[in-house]
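J.: In order, the protein sequences belong to chains A and B.
Residue 21 in this note's numbering sits at position 21 of the first sequence, and the numbers go up by one each step.
Residue 317 in this note's numbering sits at position 222 of the second sequence, and the numbers go up by one each step.
It is possible that some hints are incorrect.
Not the full set, but computed from the structure, chain A residues with beta-carbon under 7 Å of chain B [to be verified]:
| hint | residue |
| --- | --- |
| 1 | Ile11 |
| 2 | Ile17 |
| 3 | Val44 |
| 4 | Lys75 |
| 5 | Ala80 |
| 6 | Phe87 |
| 7 | Val94 |
Hints were generated in silico from the structure; no laboratory data involved.
Note that this is a predicted model, so its numbers are computed, not measured.
C-beta atoms are modelled at their ideal positions from N, C-alpha and C, and glycine is treated no differently.
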Amino acid sequence: MSLDPATVRRIARLARIRLEEGEVARLQGELNGILGWIEQLSEVDVEGVAPLTGGAQIALRMRADAVTDGGQAEKILANAPDRAGEFFAVPKVVE
Amino acid sequence: MLCDLSIVGAAAGLRRRDFSARELVGAHVDAVAALNPRLNAFITETPELALRQAEAADRALADGSAGPLAGIPLAIKDLFCTAGVRTTAGSRILGNFVPPYESTVSAQLLRDGAVFLGKANLDEFAMGSSNMTSAYGSVQNPWQRRGSNVALVPGGSSGGSAASVAARMAMGSTGTDTGGSIRQPASFCGIAGIKPTYGRCSRWGIVAFASSLDQAGAFGRSVADCALLLGSMAGFDPKDSTSVERPVPDYVAACRRGVRGLRIGVPAEYRMDGMNAEVELLWQKGLGWLRESGAEIVDVSLPHTKYGLATYYIVAPAEASSNLARYDGVRFGVRQDGVDLIDLYERTRAAGFGDEVKRRIMIGTYVLSAGYYDAYYLRAQKVRALILKDFTDVFARVDALLTPTAPTAAFAQGEKMDDPIAMYLNDVFTVPASMAGVPGMSVPAGLDGQGLPLGLQVVGRPFDEETVFAVSQVIEDAAGFSALPAVRAGE
């Protein structure tokens with residue numbers, strides 16, 4: 001599988017990374033190099049193998065469904081690039 | 096000189112009142128001020144904080160309430176959130192981020208009295224093997240080739256953590272290891288570094304890269320120093336769902352167990368074509384040391400070793416693309432304004448992330464996208480299961496494995512930068528243990544022909560860091576590694 005320029009632009013869009021037109025060819029070459037290299041996994045026989053999803057071979061714990069934290073609006077907003085009262089502010093989304 | 100002491104030695108000296116914590120920390124603060132302009136091992140220095148913590152340590156030592164790390168000056172990888180101290184993850188996008196909370200691991204070090212000298216440089220979001228991808232400049236390895244002043248990389252991603260300890264700016268440091276980011280820089284900088292079992296240390300408050308692989312660990316100039324630090328860092332944390340609820344053993348005591356009667360595996364697949372002859376020779380020496388100390392050496396096979404890196408470069412970018420979605424310029428970090436919200440996201444991320452991070456986010460986005468998920472991501476997870484099975488099978492027969500840590504010694508800054516895959520090959524010996532979640536440690540074992548340090552890697556069973564420390568200590572004792580880097584405190 002090889003990526004064409006349109007696919008590179010589509011991936012960047014999905015990843016929410018703005019690409020300048022001049023960057024597409026360079027990224028296409030780099031990404032195809034990496035994808036070509038990881039293609040070697042297609043030679044491994046994985047028939048009947050269950051995927052390993054996590055790093056820990058443990059069952060996740062249950063805990064009580066209780067509020068354990070909160071009431072820290074000022075701390076949370078302290079790093080916000082823009083705020084309005086106790087809310088994060090962004091450019092207008094709905095006309 | 097105070098900067099040459101081990102942590103274990105300094106802790107004893109503080110208790111004997113040979114020197115005060117103020118003197119010990121002051122010497123290291125001075126070393127950071129003198130050497131950091133050259134090595135760039137720290138992104139943020141916190142000398143006033145360190146000296147205040149030293150004074151608190153002296154009071155605790157005087158009134159008998161001192162913890163095991165009281166007054167010990169450490170470097171903290173700038174991936175651990177530190178309350179009130181800027182935490183950048185080596186990225187422009189977090190250039191102004193000041194966490195309101197402390198990571199669990201760094202909080203436990205503070206609980207035990209440790210002193211923080213500052214935040215150590217790293218590859219951006221821990222993505223790299225050279226520390227060249229940091230937005231805050233590269234780190235120089237304090238070691239140099241004999242008769243040369245070419246600047247070498249310290250390895251990565253925990254390059255600043257390793258360089259600061261090697262140069263005696265810090266007595267120890269924290270790192271994180273996702274595919275080799277503690278073990279490879281430890282090898283390149285001639286110090287010891289342990290990545291414990293996945294789940295041993297809490298990931299809470301560590302900036303996430305690939306959550307199923309990320310694990311905190313420690314650097315020190317001796318195996319016992321790493322054991323002392325890990326004993327403080329490890330332990331169950333209800334705030335991390337993958338943190339494991341089991342007691343933390345006495346790792347320092349485990350260092351003295353010896354290897355008599357242990358079976359040490361030598362994986363055939365780690366003997367690669369074109370491997371550096373000096374690395375091969377050192378590996379054989381290491382096996383000889385263990386044999387002479389009473390271990391039995393056993394040939395074993397980890398048949399899926401050669402697929403470790405390719406598997407890693409699907410799984411890690413996939414998880415990274417998801418984890419790094421949070422950097423959108425809305426809740427924290429540096430924002431670039433746009434005409435609408437999507438434009439704001441895209442401009443913020445284009446300006447905030449460096450090239451390697453963008454590459455990995457895009458690879459991750461692609462392998463998770465509709466139509467490619469099964470062919471790439473699901474297949475990689477299945478190969479990962481086979482890699483884990485390799486280790487599980489081998490650990491039914493042997494107690495630990497001995498391998499080289501990295502295929503080469505440190506390389507020059509700028510080398511391998513135009514070829515991502517050549518850079519990725521640095522981690523060929525460290526990635527499989529990461530994929531399996533098992534503990535691994537690099538111990539300095541000798542020098543190459545150019546006078547650069549080479550490390551050997553000890554890999555153990557899940558949650559058996561004790562055997563890893565015991566084997567590593569025997570290597571350390573037998574190697575008698577006493578060479579010093581060209582750039583260090585007092586030189």
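J.: Determine for every hint whether it applies to the structure shown.
T.: Hints and how they fare:
no.: 1; hint: Ile11; in the structure: holds (5 Å)
no.: 2; hint: Ile17; in the structure: holds (5 Å)
no.: 3; hint: Val44; in the structure: holds (5 Å)
no.: 4; hint: Lys75; in the structure: holds (4 Å)
no.: 5; hint: Ala80; in the structure: holds (6 Å)
no.: 6; hint: Phe87; in the structure: violated (11 Å)
no.: 7; hint: Val94; in the structure: violated (10 Å)
Of the hints listed earlier, those the structure fails to meet are numbers 6 and 7, in rising order.
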